[in-house]
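J.: Here is what each chain is made of, one letter per residue.
Protein chains: 4
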Amino acid sequence: MLSVLFDDEFQVVVRKRKKTKGMEGVVSGQERIADLIQETLTDANISIDQLAGIGIGCPGPIELETGIVCIAPNLGWRRVAIGEFLSKKFLCPVRVVNDVDAGVYGEYRFGSAMNAFCVVGVFPGTGIGGGCVHDGRILRGMRLSAMEVGHMKIASTSRSSGVDMPGTLECEASRLSIAAECAKLAYRGEAPELLKLGGMDIANIRSKTISQAIKNGDKSVERVVRLAAQQVGYGVANIVHLLSPDVIILGGGLVEAVPEIYLEEVRKIAKKSVMECYEDTFDVRVAALGDDAGAMGAAAWAAKNISTQAEKVGAVV
Amino acid sequence: MLSVLFDDEFQVVVRKRKKTKGMEGVVSGQERIADLIQETLTDANISIDQLAGIGIGCPGPIELETGIVCIAPNLGWRRVAIGEFLSKKFLCPVRVVNDVDAGVYGEYRFGSAMNAFCVVGVFPGTGIGGGCVHDGRILRGMRLSAMEVGHMKIASTSRSSGVDMPGTLECEASRLSIAAECAKLAYRGEAPELLKLGGMDIANIRSKTISQAIKNGDKSVERVVRLAAQQVGYGVANIVHLLSPDVIILGGGLVEAVPEIYLEEVRKIAKKSVMECYEDTFDVRVAALGDDAGAMGAAAWAAKNISTQAEKVGAVV
Amino acid sequence: MLSVLFDDEFQVVVRKRKKTKGMEGVVSGQERIADLIQETLTDANISIDQLAGIGIGCPGPIELETGIVCIAPNLGWRRVAIGEFLSKKFLCPVRVVNDVDAGVYGEYRFGSAMNAFCVVGVFPGTGIGGGCVHDGRILRGMRLSAMEVGHMKIASTSRSSGVDMPGTLECEASRLSIAAECAKLAYRGEAPELLKLGGMDIANIRSKTISQAIKNGDKSVERVVRLAAQQVGYGVANIVHLLSPDVIILGGGLVEAVPEIYLEEVRKIAKKSVMECYEDTFDVRVAALGDDAGAMGAAAWAAKNISTQAEKVGAVV
Amino acid sequence: MLSVLFDDEFQVVVRKRKKTKGMEGVVSGQERIADLIQETLTDANISIDQLAGIGIGCPGPIELETGIVCIAPNLGWRRVAIGEFLSKKFLCPVRVVNDVDAGVYGEYRFGSAMNAFCVVGVFPGTGIGGGCVHDGRILRGMRLSAMEVGHMKIASTSRSSGVDMPGTLECEASRLSIAAECAKLAYRGEAPELLKLGGMDIANIRSKTISQAIKNGDKSVERVVRLAAQQVGYGVANIVHLLSPDVIILGGGLVEAVPEIYLEEVRKIAKKSVMECYEDTFDVRVAALGDDAGAMGAAAWAAKNISTQAEKVGAVV
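Residue numbers (our numbering), protein chains in the order written: chain A, 152 to 468; chain B, 152 to 468; chain C, 152 to 468; chain D, 152 to 468.
For the record, the hints were derived by calculation from the structure and aren't laboratory data.
Copies of the same chain look alike in the list, so a pair counts if it fits in one copy or across any two.
As a list, the in silico EDC-like pairs of lysine to aspartate or glutamate whose alpha-carbon atoms are at most 20 Å apart:
1. 347 x 175
2. 170 x 182
3. 455 x 286
4. 170 x 190
5. 370 x 411
6. 359 x 442
7. 239 x 182
8. 370 x 315
9. 419 x 315
10. 172 x 341
11. 423 x 315
12. 422 x 315
13. 422 x 214
14. 359 x 415
15. 239 x 214
16. 366 x 341
17. 370 x 427
18. 169 x 194
19. 172 x 442
Using the sequences provided together with the hints, build the complete structure.
T.: And the structure:
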């Protein structure tokens with residue numbers, strides 16, 4: 152996780168990182184976040200009362216008014232009130248948003264989607280996260296954050312991801328699914344380079360392993376990645392039909408590792424799959440800000456939603 | 152089509168109907184609309200200068216600022232500037248919206264979705280139309296209307312609807328698809344009641360034919376309808392994951408013909424298919440206003456978006 | 152239905168036709184068959200004791216030793232002992248076989264599959280029938296005929312045919328499914344030629360209607376036929392992987408109506424879908440004998456399986 | 152691999168095993184087989200001229216007259232003339248058959264399918280192998296062995312196995328596919344027992360790991376296995392429709408590890424998916440002879456097809 156302290160003109164004051172260590176439990180996880188924020192403040196020689204507010208981006212659906220993270224399988228979290236926890240600790244307003252919403256808001260304010268009317272982000276990782284900024288605001292439901300694009304059904308397969316509905320985008324196209332397909336290729340002797348680089352343990356088949364195997368000549372691995380990106384292309388076509396965004400942002404480690412291949416397939420499928428009148432209404436782009444997008448977005452969103460005279464905004468993603 | 156004249160408190164002054172006769176061409180179609188509006192005014196003894204504005208709901212994606220209907224296959228329309236045409240004819244502001252957006256706005260203002268933060272409508276017919284009112288406004292893209300829910304890919308079939316993407320909700324679950332499946336059942340001797348009522352011509356297998364065949368005992372027909380409603384249930388689950396609406400409205404002739412069956416299947420599949428934290432955040436309902444929803448919505452939307460001192464608002468859907 | 156009397160060198164003596172009129176019930180149906188055979192004999196001036204035997208091809212699975220037709224939905228038959236009925240009537244041995252098995256045996260003995268080691272026939276119609284001659288014998292199970300190729304699952308769709316298993320070849324690619332898709336195209340204005348020729352009643356959208364609509368320029372109809380033929384191509388790939396036939400025969404009215412299109416798609420998909428080592432082991436051909444294949448095959452099969460000194464063999468399909 | 156020497160009453164004289172080590176290349180692989188046979192003879196104190204013949208079962212399609220293995224990805228073999236090689240080495244007739252055909256013939260002669268008219272075996276492993284004995288003979292094509300059941304398309308997914316056709320039984324349901332799904336579950340924290348037992352390396356997620364994880368309480372792993380077995384059930388339904396076997400044999404390591412679960416799902420899906428008249432015509436059973444089935448079948452098949460006065464038959468699988 153990354154903590155960044157910004158001044159009131161969104162210039163970075165201090166940036167600090169820590170491993171998430173999600174498996175150590177909820178209490179430990181919350182404390183690690185608080186520690187990281189405190190260390191950031193200490194490094195910057197800033198006291199709590201100078202802090203205008205905190206914006207934090209967390210995975211999964213968020214209960215927005217209460218700042219509760221509903222479920223974050225990778226952290227082992229279920230209904231964790233991280234907003235209240237941080238607010239009591241740092242005596243300032245806290246805004247909890249979905250991490251991809253934060254990233255998309257960051258790209259909207261400072262990155263590759265500036266001035267877009269409607270921008271949707273699709274970030275494939277262990278799952279596939281999504282976010283949307285529409286007319287200047289993060290698109291949300293009455294109570295919960297929205298844009299869980301990974302749980303959109305796009306296929307008739309029998310495999311399922313974390314929901315009781317088979318054929319979701321996530322189970323067809325997440326980095327984890329790609330890693331599992333690659334492990335099968337390695338086992339069958341069809342991906343010799345990947346076998347050398349990452350073996351058959353899916354925890355070791357990371358975005359960079361995949362990218363390197365493709366560079367080293369594993370055609371079969373490239374084919375798996377293209378196939379997954381095509382599925383994301385269908386997901387984008389669905390999103391265009393539902394929201395008519397003018398910008399689609401692709402981001403996350405896998406996209407950063409193979410940007411050309413990924414962008415080419417998503418764009419090709421999305422463009423050919425939408426109704427003709429939508430074809431020229433949207434652009435597909437790779438995210439520009441990398442890891443900073445989430446922190447900048449969370450901070451900027453908190454700043455926009457907190458009336459204050461204080462000077463600094465911190466953000467954690 | 153239906154034309155309704157409302158006073159400034161949205162009470163109906165006059166309501167008139169005419170057959171659409173889409174097959175007679177664009178010019179004739181536009182004239183028929185203008186004639187119907189004129190007849191409505193005449194019946195009400197209202198002159199053009201008493202008309203505050205016109206709201207019109209048209210099928211398919213709409214270019215919102217210019218009032219252009221992008222494509223409406225049932226009317227044979229392609230980029231028809233109906234807004235400008237009516238504006239010149241009746242010398243008043245015209246707001247063109249998608250017909251299902253109009254219907255959903257109507258239900259939001261006057262019907263089964265009053266006070267909803269986010270309401271999405273799904274209306275199966277020849278295709279499957281959709282609409283969304285979010286935080287009081289019709290959800291839209293920068294240039295075009297949105298919520299073309301029928302063109303959302305949800306399956307891996309090889310059949311396609313009007314887009315170059317197979318497996319869309321529309322090709323799996325529209326009334327037209329149901330009619331085609333029923334015709335096959337009739338041909339194979341598996342739907343004797345439907346065969347008596349509607350034969351094997353899909354133009355004669357209307358919503359009421361289907362509903363009557365089920366009442367008369369054609370289990371196979373009921374099964375086809377339930378299967379289609381289940382597909383719509385998956386579409387609703389996708390929409391919940393993307394937009395987190397608090398209300399889903401089902402409407403249109405087919406839903407009105409078999410409301411219990413339809414609602415039961417859509418609700419069942421949607422509830423079980425979403426992430427657990429969304430399960431209690433949305434309600435699935437049948438539309439309350441019938442045919443009036445579209446006219447009331449179009450008129451109310453026009454009234455909200457037109458600054459005027461005049462008294463009456465007309466609407467056509 | 153067609154009745155043919157052959158002499159002992161398989162030269163046609165008399166050929167007679169009658170409408171099947173399946174809807175009039177089992178008793179009437181059996182009588183019509185007996186009448187047709189009697190008329191054939193009368194025309195040929197042949198008495199019952201000159202008849203060596205009867206071969207009859209019937210749709211659906213056949214209980215081979217007892218000559219029982221298990222189920223023939225188009226005839227409304229369920230466990231009809233047609234073999235015993237004819238045997239008592241004409242006092243001669245009767246061999247009941249599946250109609251496509253008969254046709255394939257006909258092609259194997261006299262038509263486009265002579266000398267094949269293993270030939271499989273795929274005949275799309277209301278359903279999709281299949282047959283196989285392997286090493287000179289009709290391939291069969293212990294009790295029942297086999298090769299119900301139409302009920303092979305090849306897809307993940309939710310639609311089903313006569314079995315409780317969705318995604319069968321039959322529901323994806325039968326002539327009836329094609330007719331239903333065409334009716335939808337006609338309804339949506341995308342198949343104007345077909346609409347003129349056959350309307351939207353699927354009983355009127357026959358093989359010749361489809362073929363003519365394509366000739367007249369309905370690209371969308373051609374697309375539907377190609378798509379269906381591709382599904383048959385996948386079915387053929389499955390059959391190649393299971394049985395390794397050296398010849399595949401395509402037959403029936405639809406194939407006869409659009410032989411080039413159909414053959415092209417089936418061959419293309421089948422060739423590219425099989426394991427490389429099977430690619431050159433099989434040939435895909437159109438049936439050569441038309442309607443006579445079934446009668447000749449049924450007669451030849453009966454002759455081969457009946458030890459007799461009598462001279463003539465009749466066949467009905 | 153396993154080598155067994157039988158006397159002329161099919162009693163085992165000597166049984167020897169060796170690791171296959173497929174990755175060491177074709178020459179080495181052939182030599183290892185020859186060495187194993189020689190060691191078997193030596194142990195039995197048998198000279199080459201006492202050897203009546205050799206039967207050998209090899210994976211993948213086999214060119215039967217020439218004894219060539221067409222392709223065996225796990226061995227890295229492509230068109231290897233193992234028959235000729237062994238024949239020259241041991242100066243006796245050699246019969247090369249597909250390994251699952253051998254196993255099914257073994258079960259037919261000595262195991263759980265004795266006296267069956269038509270028995271089909273389905274053996275899931277890295278791929279999914281198949282075999283068929285029909286009326287006493289191994290069912291075959293003119294040139295190649297048949298029953299490559301793993302390459303039968305049964306679904307509309309976009310994933311593919313070794314053929315250019317997505318949605319095959321193998322990519323949906325092989326042990327390798329199950330292992331990959333389990334690795335994903337382990338990664339997402341949904342299969343804690345499997346994670347402890349086998350980690351996330353698919354080469355370590357073996358049949359016994361899977362079986363133990365289920366016993367230890369991983370419901371998600373059980374669900375994956377049941378889902379895969381259901382797909383095999385659809386494959387069996389297809390086979391019943393095509394060949395009407397009276398016995399289906401399930402075998403291989405995975406089936407042996409979870410026989411009840413596997414048999415239950417395959418039988419349930421197969422029985423409910425076939426046409427009613429086939430429902431009571433077939434039985435689904437687990438293989439009885441374990442590893443010996445292949446050796447016994449290969450030897451018995453060779454003995455049946457080799458006219459000889461010599462006493463002993465060897466077999467390797």
